[in-house]
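Residue numbers (my numbering), protein chains in the order written: chain P, 4 to 312; chain E, 67 to 315.
Any given hint might turn out to be false.
Chain E residues, not near chain P, derived (Cβ > 10 Å throughout) [as the list claims (entries may be wrong)]:
{"hint": "1", "residue": "Lys98"}
{"hint": "2", "residue": "Lys116"}
{"hint": "3", "residue": "Glu123"}
{"hint": "4", "residue": "Ile257"}
Some residues of chain P that are not near chain E, with every Cβ distance over 12 Å (derived) [said to hold, decoys possible]:
{"hint": "5", "residue": "Ala5"}
{"hint": "6", "residue": "Asp33"}
{"hint": "7", "residue": "Asp45"}
{"hint": "8", "residue": "Asp55"}
{"hint": "9", "residue": "Asp64"}
{"hint": "10", "residue": "Gly86"}
{"hint": "11", "residue": "Gly98"}
{"hint": "12", "residue": "Asn134"}
{"hint": "13", "residue": "Ser149"}
{"hint": "14", "residue": "Glu161"}
{"hint": "15", "residue": "Glu168"}
{"hint": "16", "residue": "Asp171"}
{"hint": "17", "residue": "Gln208"}
Subject to a maximum C-alpha distance of 30 Å in a straight line, what follows is the list of computed DSS-like cross-link-like pairs (lysine-lysine) [stated by the list, open to error]:
{"hint": "18", "chain 1": "E", "residue 1": "Lys82", "chain 2": "P", "residue 2": "Lys283"}
{"hint": "19", "chain 1": "E", "residue 1": "Lys82", "chain 2": "E", "residue 2": "Lys98"}
{"hint": "20", "chain 1": "P", "residue 1": "Lys276", "chain 2": "E", "residue 2": "Lys297"}
{"hint": "21", "chain 1": "E", "residue 1": "Lys86", "chain 2": "P", "residue 2": "Lys276"}
Bear in mind the hints are in silico, worked out from the structure with no lab data behind them. All C-beta atoms, glycine included, are put in the ideal place defined by N, C-alpha and C.
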Amino acid sequence: MAVLVIAEHSNGVLGAATLNTVAAARKIDDSIAVLVAGQQVDQVAQTAARIDGVTKVLVADNTAYANLLAENVAPLVASLGKGFSHVLAPATTNGKNYLPRVAALLDVDQISEIIEVVSPDTFKRPIYAGNAIATVQSSAAVKVISVRATGFDPVSAEGGNAIIEVIDATFQQGRSRFVGEQLAKSDRPELTGAKIVVSGGRGMQSGDNFSLLYNLADKLGAAVGASRAAVDAGYAPNDMQVGQTGKIVAPQLYIAVGISGAIQHLAGMKDSKVIVAINKDEEAPIFQVADYGLVGDLFELVPQLQDAL
Amino acid sequence: MKVLVAVKRVVDFNVKVRVKADQSGVELTSVKMALNPFCEIAVEEAVRLKEQGIATEVVVVTVGSNAAQEQLRTALALGADRAILVEATDDLSSLTIAKALKAVVDKEQPRLVILGKQAIDSDNNQTGQMLAALSGYAQGTFASKVEVVGDKLNVTREIDGGLQSLELSLPAIVTTDLRLNEPRYASLPNIMKAKKKPLETLTPSALGVATTSTIKTLKVEAPAVRSAGIKVKTVAELIEKLKNEAKVI
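For reference, chain P alone in the conformation it holds in the complex:
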């Protein structure tokens, strides 16, 4: 058995979720290859070769793989994947985009967002917005699996010394073209990897009021998240959404401000170590999962909290 892990990366930087995915791979087998597909990915490949526990790095550097277009990346991964018992990718938007396409090309079912490796063919994954945990067994020749990063502690980024192998295969389907992207700019830590997350909901009442949370977050070195209600109301951009359909976070400390705590939001944050809720409605469901609850007006409490830190 050997495991192929597909690296997450953007702008020449290896994505942190890759380390969590390698951690899941190590629970399956010791022989781990990492595929770095993209354009001008030398630097990423060098970084990947130093990951603790990685034995080989496959580099597919080609314009066809720029921006990880699923139409071109999936056949590449499928052709390489035939030589492995498992193909793993982080459950990022990239991984979720190309991996089911890989599975279909290999004619196998895919297992999404595992949170635990029970054995090399048996895995646990949340269903129904995290309200049930399914244990699933796969008899597929190649097991194609996406990994929820928060389910696995990352391996060390240093200590490995993998050999690097160049892959020449080019799959250029020509059915899709990258036009552009609009990335939200932020100096704060990345939401899914942050140790502390401060999130706002409908209770923030406006996008301007989110500055209260940004100020608090900056004092704590925290990332800022939002509920779907806040995103839909235009208070915050969509990539800040925490929940079943947004990002899944499990920080040391999660501070929910003006968030009622709908099932869909809890799905994205209930594995946080400590949850703090600040809400004026003491009946809000968020208090049923909060370790520390503070009932009151967030417009008074948040500035007080910031000043007191």
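Keeping the supplied structure of chain P fixed, place chain E upon it in accordance with the hints.
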């Protein structure tokens, strides 16, 4: 052009599901069922394309039990023209469903297929991508904006860092994100009219699709319960607890 929309019958998103005592799955008897919210957005987008004169016909399809006719009628009431039920058991894998949908795509030859990005029961987020692979079509997943320009499709996608724009060749597959549109409500006259719209029933075997799977669910458990903590009275008390008790700041 013809637009095909795939929909799924799922537990209503507001229901707090309960795991069965024998750990075989979640309790679904006498639980409120509904159209998967992402599928509702897919139907709405197709109907809007029809209202813009781009789509000529909107065909809605589901793969599932006979009870899913109810969700097909809902889609018809929202503006779809006709429906196809591929009658099968409810617990098929995404790959099997994608294969059944591929057979329907071969039969119907749509220019565009719209699906939800994920069903809120299995939370797989796989079917659209698998259908795209099987059809050889381009895919625009997690779409928050869709625009047909000649024989191309411009798709804005929600990605981890923000938004990404792609240009796809038609025919293509699109999966919807929540922000693509706001679905309309079906009016009573439209619900009445939907009852008369055509609904065709097929089976996987008639489509030449095997329903075997390489995945077996061994058990379904309730997640670890997180119990409510304490309420603090002041900000000072909160900070004291976070520093000395939880030790997280």
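To see whether the hints hold, each was checked on the structure:
no.: 1; hint: Lys98; verdict: 14 Å, holds
no.: 2; hint: Lys116; verdict: 25 Å, holds
no.: 3; hint: Glu123; verdict: 24 Å, holds
no.: 4; hint: Ile257; verdict: 27 Å, holds
no.: 5; hint: Ala5; verdict: 19 Å, holds
no.: 6; hint: Asp33; verdict: 24 Å, holds
no.: 7; hint: Asp45; verdict: 22 Å, holds
no.: 8; hint: Asp55; verdict: 24 Å, holds
no.: 9; hint: Asp64; verdict: 21 Å, holds
no.: 10; hint: Gly86; verdict: 18 Å, holds
no.: 11; hint: Gly98; verdict: 10 Å, violated
no.: 12; hint: Asn134; verdict: 5 Å, violated
no.: 13; hint: Ser149; verdict: 8 Å, violated
no.: 14; hint: Glu161; verdict: 25 Å, holds
no.: 15; hint: Glu168; verdict: 26 Å, holds
no.: 16; hint: Asp171; verdict: 23 Å, holds
no.: 17; hint: Gln208; verdict: 20 Å, holds
no.: 18; hint: Lys82/E with Lys283/P; verdict: 24 Å, holds
no.: 19; hint: Lys82/E with Lys98/E; verdict: 10 Å, holds
no.: 20; hint: Lys276/P with Lys297/E; verdict: 17 Å, holds
no.: 21; hint: Lys86/E with Lys276/P; verdict: 28 Å, holds
The structure fails to meet hints 11, 12, 13 from the earlier list, while all remaining hints are met.
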